[in-house]
Structure formats: C-alpha cells, structure tokens
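Enquirer: Could you build the full structure based on these sequences and the hints that come with them?
Residue numbering for the sequence shown follows numbering that gives the first Met the number 0, beginning at 0 and increasing consecutively.
The hints are simulated quantities; they were obtained by calculation from the structure and are not laboratory data. Every residue, glycine too, gets a C-beta built ideally from N, C-alpha and C. Possibly wrong hints are sitting among the right ones.
Unchecked claim - Quick list of the computed label-pair ranges, beta carbon to beta carbon: (1) Lys152 / Ser73: 33 to 39 Å; (2) Ser73 / His188: 24 to 30 Å; (3) Val62 / Arg164: 34 to 40 Å; (4) Leu259 / Gly110: 45 to 51 Å; (5) Asp4 / Lys40: 15 to 21 Å; (6) Met0 / Ser199: 52 to 58 Å; (7) Met0 / Asn213: 52 to 58 Å; (8) Arg184 / Ser73: 44 to 50 Å; (9) Ser303 / Ala78: 29 to 35 Å; (10) Leu151 / Pro123: 19 to 25 Å; (11) Pro123 / Arg210: 19 to 25 Å; (12) Arg164 / Ser186: 25 to 31 Å; (13) Asp4 / Gly182: 37 to 43 Å.
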Amino acid sequence: MIQIDASQGEGGGQILRTALALSIITQQAVRLKNIRAKRSKPGLMRQHLTCVKAAQAISNAQVSGDSLGSTELSFTPNAVQAGEYAFAIGTAGSCALVLQTILWPLLFAEGASTVSIEGGTHVPMSPSFEFLEYSFLPAIQKMQVDAEFELLKHGFYPGGGGKLRASIKPWREKSALDLQERGERISQHGLCLIANLDHSVAATQLKEVQRYLNWNEEDLIHQGLRNSHGVGNALLLNVQSSQHTEIVTGYGVKSRSSGLVAQQACDEMKHYLASQAAVGEHMADQLLIPLALAGGVFTTNVISEHFKTNCNIIQAFLNVNFGIEKIDAHCFKVQTKGCII
0 MIQIDASQGE
10 GGGQILRTAL
20 ALSIITQQAV
30 RLKNIRAKRS
40 KPGLMRQHLT
50 CVKAAQAISN
60 AQVSGDSLGS
70 TELSFTPNAV
80 QAGEYAFAIG
90 TAGSCALVLQ
100 TILWPLLFAE
110 GASTVSIEGG
120 THVPMSPSFE
130 FLEYSFLPAI
140 QKMQVDAEFE
150 LLKHGFYPGG
160 GGKLRASIKP
170 WREKSALDLQ
180 ERGERISQHG
190 LCLIANLDHS
200 VAATQLKEVQ
210 RYLNWNEEDL
220 IHQGLRNSHG
230 VGNALLLNVQ
240 SSQHTEIVTG
250 YGVKSRSSGL
260 VAQQACDEMK
270 HYLASQAAVG
280 EHMADQLLIP
290 LALAGGVFTT
300 NVISEHFKTN
310 CNIIQAFLNV
320 NFGIEKIDAH
330 CFKVQTKGCI
340 I
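Expert: Structure below.
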C-alpha cells in the first residue's frame, strides 16, 4: 500500500484527487494521512467525499476513513468499470474537480461511460465549465482522448444546483502531447456571466477588461442567466491561438468588489500573454497526469507549488520523471517520456 502524507507541499485537495485517480489506474492501494492539514478546515469536505465516493463507485473499491472531517483515508481499488454514473455533491462543491478524479481512470475502462455530476459549475478555486470545454478538452484531444463535456445547468457558490455531463470512451491509442507554442492569436473575448444580480456588475467588470487588456467593445459579452439556482457571477477571459485556447476565470464573491474580480483576472491573463508559454499556470496542473501516462512536452509561464506537489504525488504511483527546463523568467518547458500502464 502506497503511503502519502497529504500535508506535503501546498497540501490541498489535489493530492487526494490525483492519488485516487492513479490508485485506480495502477491498481495500487493507497493510504493518505493529514488530508488538507494546512487548510482552515482540515480533512474531507463534501466535495472531497464525493470524489472518494465517485472513485469508489467506478472501481468497486474498499474504503475506510470516508467521513466528513476525516484526515486519513485508505483506498483499495478493483478494476475500473465502464457504465452510467451520477453523483450529487449536495453543495456548491466543484463538479469539475469530481470529474477530474474519475476522468483518467474511466479512460482505461473497457467500454464507454457517461457521468453526470450535480453541484457547482462556476465556483472559486476550481476550473469553470468553459475552461473544461474550450481549453482543457482540446488540449487532451491532441493526445487522442475521446471525450465530450456538456453543461446542463449553471451552478454558482454558494447555491450550487448546477449540472454537467461527460461522455468518455476508452483511450485506445495514446499520442504524446506537443504543446510548446501557442501559435498566432486568432481571437479574444471576455464573457461576464450574471445570475440574479444587478447588470451593473457586468458593466463594471467588462469596462475593467477593456481598460486593462485594451480589448475592443465588440469582444466583451454580457450573459444573464435566468435558470440559475441562487446568485452568481463569473468573468471568463478567452484568448484563442492557433495551437491552444487559454481561459482565465474570475469569480464574484461577497468579500471582493466586482472591479477587483476583473482586475485580478486581467492580471493573470496579462502575465500569460506577456510570456511565450503555450499554457497558463492552471492548465499546467491539469496536464501532468496525461503527460505522465502518454508522454510529451508543453511550456507554461508558471511552475507553482501546486504543480510541484502534483508531480510528487504522480511519481509515488508511476515510474516517471518530469524534466523542467527554464527557458526564461516567464517560460518553462515540462516534458517526460511517460510510462507503460
């Protein structure tokens, strides 16, 4: 059984999600201790429990420690099973992060699967649905991943009530990733999503985008959502280049002005655009597991603590080395040969 101290590095929920995914793929039992030990509320929260339950469901795993607030978990998987699955987080916990846990194992199943997840589709500290659909999915499709994502209903924090669906087919033929350059810029736009909030929020955020990024007014879009459960706001900055689409998301929260939300998102996008890297900080995190499984290379503008921790967890399960080369102050090349599963 692989032993993991989940307080290492940035010590967040990514350690749990990566460990569960690779435990199933490699058929190695894992025991985690000190789960989310560095967080203000340590241990498993509902979102993390849903990740555990989802991983258990697709692999008929034996699990102990799967309770709210638990800081230790033992997980012993069986072979992953294709099927139709539905999971409800019960809060505004991130649907994307639950999907992240089971996507890679289900790609190793013998047949196709469909997964429905209810919870938050646009919540802080997690990928937005648009990031999944228009940035992450095209990147992994370069590696011959056959999957589709569908947004059924928006769900914001704290109300939740959102829903997404994923269709996942077996990953028969793997191709190494080659994403070293983003290519020529094709288009850019800013999309402000508003649910049950005053339209002035959108006006403020889009004006800040125009001011900070110097984007044209016709590139700025305001979308009011009528069927959302509760209130919510997300600002999505999209830059489409010939080889990659980068999406930065800012989420409206009570403790932060709408203008500041926009400014912080713009700062992240400006940092990305000022570099020659193909992918941004958050996409780099998402590409590590597929890179380890199929090999390849990409460039990113940031090597974060989150990134380094994820590398360490992956290497606990797979015989793989990540080569990281500094091209300049704002561009790093990440590569590996991948491993045989």
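Enquirer: Give a verdict on every hint.
Expert: Results for each hint:
no., hint, in the structure
1, Lys152 / Ser73: 33 to 39 Å, "holds, 35 Å"
2, Ser73 / His188: 24 to 30 Å, "violated, 46 Å"
3, Val62 / Arg164: 34 to 40 Å, "violated, 25 Å"
4, Leu259 / Gly110: 45 to 51 Å, "holds, 47 Å"
5, Asp4 / Lys40: 15 to 21 Å, "holds, 19 Å"
6, Met0 / Ser199: 52 to 58 Å, "holds, 55 Å"
7, Met0 / Asn213: 52 to 58 Å, "holds, 54 Å"
8, Arg184 / Ser73: 44 to 50 Å, "holds, 48 Å"
9, Ser303 / Ala78: 29 to 35 Å, "holds, 34 Å"
10, Leu151 / Pro123: 19 to 25 Å, "holds, 21 Å"
11, Pro123 / Arg210: 19 to 25 Å, "holds, 24 Å"
12, Arg164 / Ser186: 25 to 31 Å, "holds, 27 Å"
13, Asp4 / Gly182: 37 to 43 Å, "holds, 41 Å"
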